[in-house]
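Asker: The lines below spell out each chain.
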Amino acid sequence: MVIAYRPETTAQAVEYLARGDVAIFAGGTDIMVGDKPVCRSFKGEPSAMLFIDAIDELKTLSDNSKTITVGAGLSLTELENDHRVPKLLRDSILQVAAPGVRNCATMGGNVCNASPAADTLPILYLLDTQVVVSSVNGKITFPIEQFIKGPGITQLTSSDLLTQLVIPKTEFSHTFYRKVGTRCANALTKVSIVGAANIQNGLLSDWRVAFGAVGPTVVRDQQIESLLIGKPVAWLKQHHNIQSIIEAYKAKISPLSDQRSTATYRLRTSLKLLEKWLTELSDG
Amino acid sequence: MKIDFTLNGQARSLNVDPLQPLLTTLRDVIGLKATKEGCGEGECGACSAIVNGKLVNTCLFPIAQVDGAQVLTLEGLRETPRGRCLIDALLTAKGVQCGFCTPGMVLALYQVLVNSPDVTQITEHEIRVGISGNLCRCTGYGMIVDAVNIAIEQGEGLW
Ligand SMILES: Cc1cc2nc3c(=O)[nH]c(=O)nc-3n(C[C@H](O)[C@H](O)[C@H](O)COP(=O)(O)OP(=O)(O)OC[C@H]3O[C@@H](n4cnc5c(N)ncnc54)[C@H](O)[C@@H]3O)c2cc1C
Ligand code: FES
Ligand code: FES
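Sequence order for the protein chains is A and B.
Residue numbering for the first sequence follows the working numbering, beginning at 105 and increasing consecutively.
Residue numbering for the second sequence follows the working numbering, beginning at 44 and increasing consecutively.
Check each hint, because a few of them may be wrong.
To be verified - Here are the simulated DMTMM-like cross-link-like pairs (lysine to aspartate or glutamate), alpha carbons at most 20 Å apart as the crow flies:
1) LYS191/A with GLU169/B
2) LYS380/A with ASP310/A
3) LYS140/A with GLU169/B
4) LYS97/B with ASP186/A
5) LYS356/A with GLU329/A
6) LYS243/A with GLU329/A
7) LYS45/B with GLU112/A
8) LYS140/A with GLU86/B
9) LYS376/A with GLU329/A
10) LYS140/A with GLU80/B
11) LYS163/A with ASP110/B
12) LYS243/A with GLU161/A
Unchecked claim - Here are the in silico distance ranges between beta carbons for each label pair:
13) VAL142/A with ASN95/B: 20 to 30 Å
14) LYS335/A with GLN140/B: 57 to 67 Å
15) GLN53/B with ALA122/A: 32 to 42 Å
16) PRO272/A with GLN53/B: 42 to 52 Å
17) GLY242/A with ASP131/B: 53 to 63 Å
18) GLU199/B with GLN259/A: 51 to 61 Å
19) ASN58/B with ASP139/A: 53 to 63 Å
Said to hold, decoys possible - Far from chain A, some chain B residues (derived; all Cβ distances over 12 Å):
20) GLY74
21) GLU122
22) CYS128
23) VAL139
Hints were generated in silico from the structure; no laboratory data involved.
Being a predicted model, the structure only gives us computed values, none of them experimental.
Just so you know, even glycine gets a beta-carbon here, dropped at the ideal spot from N, CA and C.
Please construct the entire structure, taking both the sequences and the accompanying hints into account.
Answerer: See below:
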C-alpha cells in the first residue's frame, strides 16, 4: 500500500516532494486509467502519493491588466465557468472528455501529462503561456514550449510541483479552433488547430497558429508566422500565397499513425483546416 | 489509510488503500451495488456518483480524496423527493430499458437540474452536455432527455 500525503499548502507539498520517491496526484484522470495507477511523470512505482487536491493556493485565479494567473489545481470545469479565462482556452476545455471527467481533471495535470493529444496545450502555446514550477529551492518559470520536451516528458524533476500558468492577455479580432475526434464527447483528439489574428486597417498586425496531435509536441512556428505579420489581408486573396503558407507548415508537421488515426489523415486534415482558416481571414 | 466520510447522509469510517477507486469501495467493501462498472476507465459514466456536489466517475476517483467528503449515490438519491420524482419521470419517458446505465444517468440528470438557476430555462443542449459522459446502448437518449422535462412538470416546486 502506498503512503498517502494530502497537504493543505504548497510549502508542505514541496517538502514532501523533496524527500524523494513521491509522485504527484492531481485529479487522477490520467493516472487512474488502466489496471493500476501510473504517473507518466514518475519513473517506476513510487512508495508515496502526494494528493494535491486539498491545496487551496493551487486553486486560485487572478488577473491584472497584462496577465491572467491560473492555479495548477483548478479543475477544467472551474476554468470553463470563469469568464476571465481566455475564450479560446474555454472553447478547448469544452471539448475535453465529459462533465464527470472535467470536474476532476486539472489544468496542471493536462500540462504535466504532456500528451501530444492534450487539448489545452495548443492554446497555451498560441497564447505564449509561462509555466511556474516550485520546489524547496524556489520558483522557476519556463515558456510552455520549453517546458514540454516530448510526449510525456517535461522539465519537471521529481522534487518539482507545477503551481501556476501565467497567460498574457491578448485581444484578437479573429480566432479559429477545431478539434477533430470520433464523436462529440469523450473522444481524444485526432488533430486540432487553433488560430488567432488581429486585422487593423486591412493589415495583419498579428497572426498565429498552433496544431495539436500532429507530432511529438504542439507545432507552432514563429518564423512562418512572421512571413504573414504585416501583410495586407488582400495578400491572402491570392491562392498561391495561401499555398505557400500551407507548404511551409507541411514541412513542419510530422504526424504518427496510431489507434486513433493515420499519419496521412492527420497531415491532410490539419492542412485543410489551415487553408479554411486562411480563406476565412481573406474574407475579412 | 483511515478514511472518514459521509455516504448518503450516514457517517462512515474505513481503513483502505488510498488509491482504491471509490467504485470498488462502494460495491465491494460497503456492498452498495447501484453504482455500476462499465469500462473502468472514465468513458461510460455507469459508475457516476456525486462527491461534494460534483458528478465524478468513481472508477477513476481514489478513496484518499473522499476523506472528509459527502458522497451521494443512487441509493441515497432515491430516498429523497427529488430523486423519486426524477426516477418516476425516467420511467414515464420509457428512458429505462436494460437499466445498466440508469443509476449513473439519474445522477447526471439530477446534476443538470440542481445546477440550473431556473429549471424552466434548461435547453435540450444543456441536458445532452450534462449526460455526454454517460453511454446508453439501449434507448437512443431521446427518452432520457424527455425525462428532464417530465420531472420539471411533475415535480412542480421541487426543483
Ligand atoms: C474518459 C477520458 C477522456 C479524456 N479526454 C481528454 C480529452 O479529450 N482531451 C484531453 O486533453 N485530455 C483528455 N483526458 C485526459 C485527462 O483528463 C487530462 O489530461 C487531465 O487534464 C489530467 O489532469 P488530472 O488532474 O486528472 O491529472 P493526473 O492524472 O492527476 O496527473 C497527470 C500527470 O501529471 C502529473 N501532475 C499533475 N499535476 C501536477 C502538478 N501540479 N505538478 C507536477 N506534476 C503534476 C501527475 O504526476 C501525472 O503524471 C481524458 C481522460 C479520460 C479518463
Ligand atoms: S466504469 Fe467508470 S466511466 Fe465507465
Ligand atoms: S438502458 Fe440499457 S444501457 Fe441504457
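Asker: All the hints need checking, so say for each whether the structure fits it.
Answerer: Quick rundown of the hints versus the structure:
no.	hint	result
1	LYS191/A with GLU169/B	19 Å, holds
2	LYS380/A with ASP310/A	18 Å, holds
3	LYS140/A with GLU169/B	34 Å, violated
4	LYS97/B with ASP186/A	17 Å, holds
5	LYS356/A with GLU329/A	13 Å, holds
6	LYS243/A with GLU329/A	31 Å, violated
7	LYS45/B with GLU112/A	18 Å, holds
8	LYS140/A with GLU86/B	17 Å, holds
9	LYS376/A with GLU329/A	17 Å, holds
10	LYS140/A with GLU80/B	16 Å, holds
11	LYS163/A with ASP110/B	19 Å, holds
12	LYS243/A with GLU161/A	15 Å, holds
13	VAL142/A with ASN95/B: 20 to 30 Å	26 Å, holds
14	LYS335/A with GLN140/B: 57 to 67 Å	58 Å, holds
15	GLN53/B with ALA122/A: 32 to 42 Å	40 Å, holds
16	PRO272/A with GLN53/B: 42 to 52 Å	49 Å, holds
17	GLY242/A with ASP131/B: 53 to 63 Å	59 Å, holds
18	GLU199/B with GLN259/A: 51 to 61 Å	57 Å, holds
19	ASN58/B with ASP139/A: 53 to 63 Å	23 Å, violated
20	GLY74	22 Å, holds
21	GLU122	23 Å, holds
22	CYS128	22 Å, holds
23	VAL139	20 Å, holds
The structure shown violates the earlier hints numbered 3, 6 and 19.
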